[in-house]
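**Student:** Protein sequence lines, in the order shown, are assigned to chains V and C.
Residues in the first sequence are numbered from -13 upward in steps of one, following this note's numbering.
Residues in the second sequence are numbered from 73 upward in steps of one, following this note's numbering.
By construction, these hints were calculated from the structure, which means they are not laboratory data.
Where is the CB? At the ideal position from N, CA and C, for every residue including glycine.
Fair warning: there could be bad hints in the mix.
[Said to hold, decoys possible] Quick list of simulated restraints, FRET-style, between CB atoms:
no. : chain 1 : residue 1 : chain 2 : residue 2 : range
1   : C       : Arg531    : V       : Gly25     : 35 to 45 angstroms
2   : C       : Gly376    : V       : Ala149    : 37 to 47 angstroms
3   : C       : Leu337    : V       : Asn1      : 51 to 61 angstroms
4   : V       : Thr289    : C       : Val237    : 46 to 56 angstroms
5   : C       : Met537    : V       : Ala149    : 25 to 35 angstroms
6   : C       : Arg81     : V       : Gly25     : 55 to 65 angstroms
7   : V       : Asn1      : C       : Val237    : 26 to 36 angstroms
8   : C       : Asp170    : V       : Ala149    : 27 to 37 angstroms
9   : V       : Asn1      : C       : Val342    : 50 to 60 angstroms
10  : V       : Lys45     : C       : Val237    : 27 to 37 angstroms
11  : V       : Gln68     : C       : Tyr535    : 36 to 46 angstroms
12  : V       : Gly55     : C       : Gln200    : 48 to 58 angstroms
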Amino acid sequence: MPEVRLEGLGKRYGNLTAVNNVHLTVHDGEYVTVLGPSGCGKTTLIRMIAGIIEPTEGKVYIDGRDMAGVPIEDRDIGYVFQNIALFPHLTVKDNVSYGPRARALPPEEQLRVSRRFLELVRLLDRMGMFPDELCGGEQQKAALARALASGSRLLLLDEPLSALDSRVRVDLRYELRRLAKELGLTTIHVTHDQEEAQSVSDRIVLMRAGAIVETGTPEELYARPKHIFTANFIGETNLLEGWVVEIRDGISVIELRNGGKVEVHQTDHSVGDAVVISVRPEFMYPADEGMRAVVRGITYMGTYWRVKAETEDDEEVDFDMATLDGNLLTIGKDVYLAVNPKAAVLYPRPEDGVEEAIRLE
Amino acid sequence: MVAAISRKRFLTGWTAFIILFFLFFVILPTIYILSYAFTEWGSIEALLEDQGRMDLIWGAIGASFQIAGIVTVIDIVTGLPMAWMLVRKDFRGKNLLDTLIDMPLAVPTAALGFSSAMFFAITDESLQAPSFALGTIGSPYLLIILLHVVFSYPYMVRSLSAILVQIDQTYETAGRTLGASPLTAARTITLPLFRAGLVTGIILCFARSLSETGGTMIALATMANARGFATGPTLIGEWKDALDSQPDLAAPLAFVSILLILLSLALLVVIKLVVMRVHLPMGRIWPRPERLLSRGVFPKVKDGLAVLFLVVFVLVPSFFIFTYVGSVEPTAFDWAPFIRSLLYSFLIAGVVTGIDIALGVPLALYIAKNRSGRLAGALDVLVNVPLIVPTAALGYSLGVFWASQEIVPTHDVLLIVLAHVAFTYPLVVRNVAGAVEEVDPAYEETARTLGARPVQAFRRVLYPMVKSSILAGAIMAFTRSLGETGATQAVVANAQTAPVYIVDLINLETAAGYYSAGLACIMLIVISFLFMLALRYVTNRRAR
Ligand SMILES: Nc1ncnc2c1ncn2[C@@H]1O[C@H](COP(=O)(O)OP(=O)(O)OP(=O)(O)O)[C@@H](O)[C@H]1O
Ligand SMILES: [Mg+2]
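One chain only, chain V, in its complex shape:
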């Protein structure tokens, strides 16, 4: 059964390193997303797995088999392209039955397979149409059906939803996961959209500038990211700089640059260390004491209010208020902000500064 293992995989174009020393194992039946900002090498990585690009270093194993020198058509993969790439001269049905046809299955079998997968993506009634007669979402589903109909158990998706509008995108992501799980596929899904990654995957691989930053379940990467870059890239967060001034009973007390004090349930630093605290907006709230700030803006987000405030040393801090409490604050009002000590995460202050650590490239 398909398991994908990458060992020290790398791709260089002259001086430019598109992918650098990637080690990764995707288990059989697992749904993994490769997430990262534009240009970080996601497409290059997934194309090397498919055999469309030759790696300059390292190896790709599929099912334990070394793929060096194995051409695309012998890798037994399903691939959905960033630009969809349905064959324009073939009908939807003929697009989907191309895989069975390429393996010279008898015509009735070709038809059966294409019907089955078109039904699975709920496109049976579009069978006789040409790709340019479908809307974006339908084209994407047809492309998916085509990839699945090749019978492969390994599905590679390169930004399969990026061309669609947000509503269709959300619907289709659940569809993707449902199908992958229903058919027991191993899936590698490339995306730059962190929400999409969080909602579909068993595990997220976060990349930056050609290398893996961190891998983990969506929950791990959200709640306990190991790197500041992850904390900033996945979800939203406030990054506050300070020093450890006291450690007691499993709690570190951090004095912020602006003089405010914050408590955090984490004690792996020593007194005097320069640190950065990452706090998500939903874990910061107004209290009687804490960090002083002035409210600068209030935005209604549907299920909560997003408040933007400015601390005394001109840093911007975001926090959320329940819908019912929104009217308690007005612009220009002073607030004291407290942090949920269980939800804040401490990082050693990066040498090159926070800005550098969260830069996308």
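Following the hints, position chain C with the ligands against chain V.
**Tutor:** For chain C with the ligands alone, kept in the frame of chain V given last:
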């Protein structure tokens, strides 16, 4: 208000003038000879009884069409792997290969005919062809096929690669992720997407071969024993030459021209229908053999053969003449008549190109902007007619047309210019119309909403975007006019253009005649090259 009305009237008048010019100076003369079948039916009926002449006519027409068909097939089979290699592969020396393919385009067909015949064919003793010439082809039929491949191959490769670059390679890759081998993917995905473009390539190639006269005549003259063999165009040239002494040739000449015109137009329609409709057995896939052919040595052998073909059947015959002139005893060369013929050719080509641009660009604009209208649609189809009709037939028809009226005086140079305009005018129109259609009309409309009047809007906005297409059309028109023999001879039998002058030298069948012809060919090649380089320089500088 008054100014607006007069401007509108002026525009309508101008448009009418351009369309009338096209209809009465280009289209009507091109097909005028067809009327001969009605007005002089008696003499054609008499001709049909004349078994000897009819055999000659059918032989020549049959040879022309067979040769064009065979040449097109050879071009596709050998040109496709070459185009594929140039577009889809990366390798050292690709740029060199790319340049080499274009080189024969700069050699006038007259020079190509002499050079190729010398390389391929068994030649006259007095020619003293270099000992390393192939020198084995004894059949004029075969020789003309080889010659036509030499000059049409670059066109085929160019038009095939132009389409190929436009087909997204992702389709092929997608096919391969679905389990198709490279050969299968190319055959079932890329080739079908290719069809519409293939039609253009085939028609271009077919029409060029059908129409070719100068090179063919020279090759036949160079060959040791080609007496009695003729293609449609060379037959017209031969008979037109003899028309003054044998006035009864008028009917056969008209009949050959009519046949060539009608058959070539019918063929245009047939090719379009056949290539678009015919369902090749593309559906089946044979995974194992196709996979085998996609791997290992096969692709390398295929690419190697493609390059070998280019070298042996295109490049060497194109430039063989240089080895001849280098190896043979020099004799005295008479410069004066050669220079005179050269100037004559250049003068005609220059005037023709000027007329083409002045009157072709407005028609192109009209067609491109009123594409949906009936009249413009009809003009768009008609524009192709002079491109398809073999130029010798066109020339003869045109000569008869102008001789039949008394309004415009018929002077030799004027007739040649009119004939050349007829078949080069469509090149400019098609190039420019194509480019204008690509330009988003929104640009020009924006300019007009910003207050520019139509003429200004054209000059400031549209012209900068399409001027390279005007230049490209002009270059094509100029070179086609310069190299033309068929139409020239068919209007004025003894016109002294450079290609005709070379034919005359070869027909002397003396060592000195051959040598002089060789030297003249080389000079023609060098001049064409310099000319092309200069034009390329100008084009690049303008584009920047
Ligand atoms: N053929 C190539 N030659 C040179 N550089 C390349 C080539 N292909 C990709 N790159 C570079 O490699 C880097 C990674 O490209 P890649 O397409 O893998 O990014 P990506 O993460 O898929 O981006 P996006 O989200 O925009 O699709 C980029 O900096 C890109 O410019
Ligand atoms: Mg990408």
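**Student:** For every hint, state whether the structure bears it out.
**Tutor:** Do the hints match the structure? See the list:
Checking the proposed 35 to 45 angstroms range against Arg531(C) and Gly25(V) shows it holds: the Cβ atoms sit about 42 angstroms from each other. Hint check: Gly376(C) to Ala149(V), Cβ distance near 42 angstroms, so the stated range 37 to 47 angstroms holds. In this structure the hint that Leu337(C) and Asn1(V) lie 51 to 61 angstroms apart at CB holds, the actual value being about 58 angstroms. Our hint of 46 to 56 angstroms for Thr289(V) and Val237(C) holds, since their Cβ atoms are close to 51 angstroms apart.
For Met537(C) paired with Ala149(V), a C-beta distance near 29 angstroms keeps the hint of 25 to 35 angstroms intact. The hinted range of 55 to 65 angstroms is satisfied by Arg81(C) and Gly25(V), whose Cβ atoms lie roughly 59 angstroms apart. The given range of 26 to 36 angstroms is respected by Asn1(V) and Val237(C), whose C-beta atoms sit roughly 28 angstroms from each other. A hinted range of 27 to 37 angstroms for the beta carbons of Asp170(C) and Ala149(V) is consistent with their spacing of about 35 angstroms.
The hinted window of 50 to 60 angstroms between Asn1(V) and Val342(C) holds, with their beta carbons roughly 56 angstroms apart. As the Cβ distance of Lys45(V) to Val237(C) is approximately 34 angstroms, the hint placing it in 27 to 37 angstroms holds. In this structure the supplied range 36 to 46 angstroms holds for Gln68(V) paired with Tyr535(C), their Cβ-Cβ distance being about 38 angstroms. At roughly 56 angstroms, the beta carbons of Gly55(V) and Gln200(C) sit within the given window of 48 to 58 angstroms.
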